[in-house]
Amino acid sequence: MRKAQAAHGISVIEVREANGQWEMVRPSRYARRITASNTAFAIGGPARGHNMMKTTADPRGESVFGTLNNCASGKTPWGTYLSGEENFAGYFGKGDATNPHNRRWGIGTTPRQFLQNWDEFDPRFDASKIPTNPTALAGWWKSIPWIPAAPPSSAPRSAARRTRALGWPSPKTVAPWSTAAKMPATSTSYKFVSRDAIKPAGNGLTQAQANRDLLDHGTLYVAKFNADGKGQWLPLVHEQGGLTAPSGFADQGEVCIKARQASDTLGATKMDRPEWLAIDPSSGWVYCTLTNNSSRGTPNRPPTDAANPRTQSAHGHIIRWKEVGDFDGRTFDWNHLVLAGDPAQARPEAKGNIKGDLFGCPDGIAFDPAGRLWVQTDMSATQMYKGEFVNLGNNQMLAYDAAAGSFRRFLTAPTNSEVTGATWTPDGKPFSSTFSIPAKA
46 MRKAQAAHGI
56 SVIEVREANG
66 QWEMVRPSRY
76 ARRITASNTA
86 FAIGGPARGH
96 NMMKTTADPR
106 GESVFGTLNN
116 CASGKTPWGT
126 YLSGEENFAG
136 YFGKGDATNP
146 HNRRWGIGTT
156 PRQFLQNWDE
166 FDPRFDASKI
176 PTNPTALAGW
186 WKSIPWIPAA
196 PPSSAPRSAA
206 RRTRALGWPS
216 PKTVAPWSTA
226 AKMPATSTSY
236 KFVSRDAIKP
246 AGNGLTQAQA
256 NRDLLDHGTL
266 YVAKFNADGK
276 GQWLPLVHEQ
286 GGLTAPSGFA
296 DQGEVCIKAR
306 QASDTLGATK
316 MDRPEWLAID
326 PSSGWVYCTL
336 TNNSSRGTPN
346 RPPTDAANPR
356 TQSAHGHIIR
366 WKEVGDFDGR
376 TFDWNHLVLA
386 GDPAQARPEA
396 KGNIKGDLFG
406 CPDGIAFDPA
416 GRLWVQTDMS
426 ATQMYKGEFV
436 NLGNNQMLAY
446 DAAAGSFRRF
456 LTAPTNSEVT
466 GATWTPDGKP
476 FSSTFSIPAK
486 A
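Residue numbers are given in my numbering: position 44 of the sequence shown equals residue 89, and the series is strictly consecutive.
Fair warning: there could be bad hints in the mix.
Said to hold, decoys possible - Listed below are the simulated DSS-like cross-link pairs for lysine-lysine, each with C-alpha atoms no more than 25 Å apart in a straight line:
| id | residue 1 | residue 2 |
| --- | --- | --- |
| 1 | K367 | K400 |
| 2 | K275 | K367 |
| 3 | K99 | K174 |
| 4 | K48 | K139 |
| 5 | K431 | K396 |
| 6 | K48 | K174 |
| 7 | K400 | K431 |
| 8 | K174 | K139 |
| 9 | K120 | K244 |
| 10 | K367 | K120 |
| 11 | K367 | K269 |
| 12 | K99 | K139 |
Simulated from the structure, these hints should not be mistaken for laboratory data.
Construct the complete structure from the given sequences, taking the supplied hints into account.
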């Protein structure tokens, strides 16, 4: 179990180019591991000290230990790394499935992830003994600063931080912008607008240190997509829109912790498994991948709507929106970039409307320094080369030609693996990228 926990989490490495080859710098003062075992995270925002955050490890509810199932990520303008935890429910054993909070998150009913039985050896993962553990330990955003090149002698090394004001949506991605961070979760789409402006470095602090508390104060919003191509951002604020104590939200901390339930109360649009998103730096359009939905009609995945139009969305789609005004705007326009699929399939909903190379289950998405949009896919190993996926091959990475409105394949992944994560050299010359391809089988 300890070995498995140590294999979860985040690796921070330093790389450099030497004689035309990339290499890892060893030793490096930046390098470290952040694991599921005992890496400490300070809790910030309105959930700090909340009763639902108090555990045996920290009865004060001010810190938690460990991170797991880290999915999409992003770099903030002030120089920190945000990572979101997904699909955490299966790591917790013996949760009370009759509890409405647990039921909304699948705690106690979700099958074990990869045959994990950590609850037998680590009490943190036994939800029957410590019911607050699933809430406190997983499903959050982490804000992790890099070690500065020449930190002030009084500066802490690199305290990692849980971003509680952002809510507990079981996050998948974040795309920082100067005024907002957009955050799709596994059922609805969110954005966070900070109360304060970004501060510059100074007074002996790096910019990351100067903005340490930036994400602790602000407003979390959830999206409602209307059939007319318009939408609204609904504020998740205590005492607004029915988010009151009689409705199960005693305070703002509980609104953040119960972000999904609060979104349901406000009537937000439930989406087809949002994953990553990216903002077009030239136009301001926000692109979000909706990987698929095989659970249509269940309580967490309601019937079709304009934004999620297919009854059985096996192949997923990409939606995009643009704020009316700046990124802190309360309304937006939206449309679909593409419905993934294969026109050779008999089922109309499986055909899609792709122009160019075919793909299914869009997941990772990013713009490169030249403004090109890249899309990566995550078809399950159980789907590949079968049924409606028979013609789609392995997972892949594609470039989108906006002028032609078409997709072109750039690379394919090994069988049964996912393509995810891309980065480029700061100047974009020569073109260079790295890809994380975790095995799924």
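Below or equal to 25 Å on CA atoms is what counts here, so check K174 against K139.
This hinted pair holds, its Cα atoms lying about 9 Å apart.
For the pair supplied as a hint, K367 and K120, is the alpha-carbon distance within the 25 Å limit?
21 Å, holds
When you check the alpha-carbon spacing of K367 and K400, does it fall within 25 Å?
Holds, at about 23 Å.
For the pair supplied as a hint, K400 and K431, confirm whether the alpha-carbon distance does not exceed 25 Å.
22 Å, holds
Need the status of pair K367, K269: alpha-carbon distance at most 25 Å?
Answer holds: K367 to K269 is near 13 Å, not above 25 Å.
Please verify whether K431 and K396 have alpha carbons no more than 25 Å apart.
15 Å, holds
Is the hinted pair K99 and K139 satisfied, with a Cα-Cα distance of at most 25 Å?
Measuring from Cα to Cα gives roughly 19 Å; hence the hint holds.
Compare the distance between the alpha carbons of K275 and K367 with 25 Å, and conclude whether the hinted pair is satisfied.
Since the Cα atoms of K275 and K367 sit roughly 10 Å apart, the hinted pair holds (cutoff 25 Å).
For the pair supplied as a hint, K99 and K174, confirm whether the alpha-carbon distance does not exceed 25 Å.
Holds - the C-alpha atoms of K174 and K99 are around 13 Å apart, at most 25 Å.
Holds or violated: K48 to K174, with C-alpha atoms at most 25 Å apart:
Answer holds: K48 to K174 is near 23 Å, not above 25 Å.
Quickly compare the C-alpha distance for K120 and K244 to 25 Å and report which way the hint goes.
Roughly 16 Å between the alpha carbons, so the hint for K120 and K244 holds.
Would the pair K48 and K139 pass a check requiring their Cα atoms to be no farther apart than 25 Å?
22 Å, holds
Going down the numbered hints, you'll see the structure goes against none, and every one checks out.
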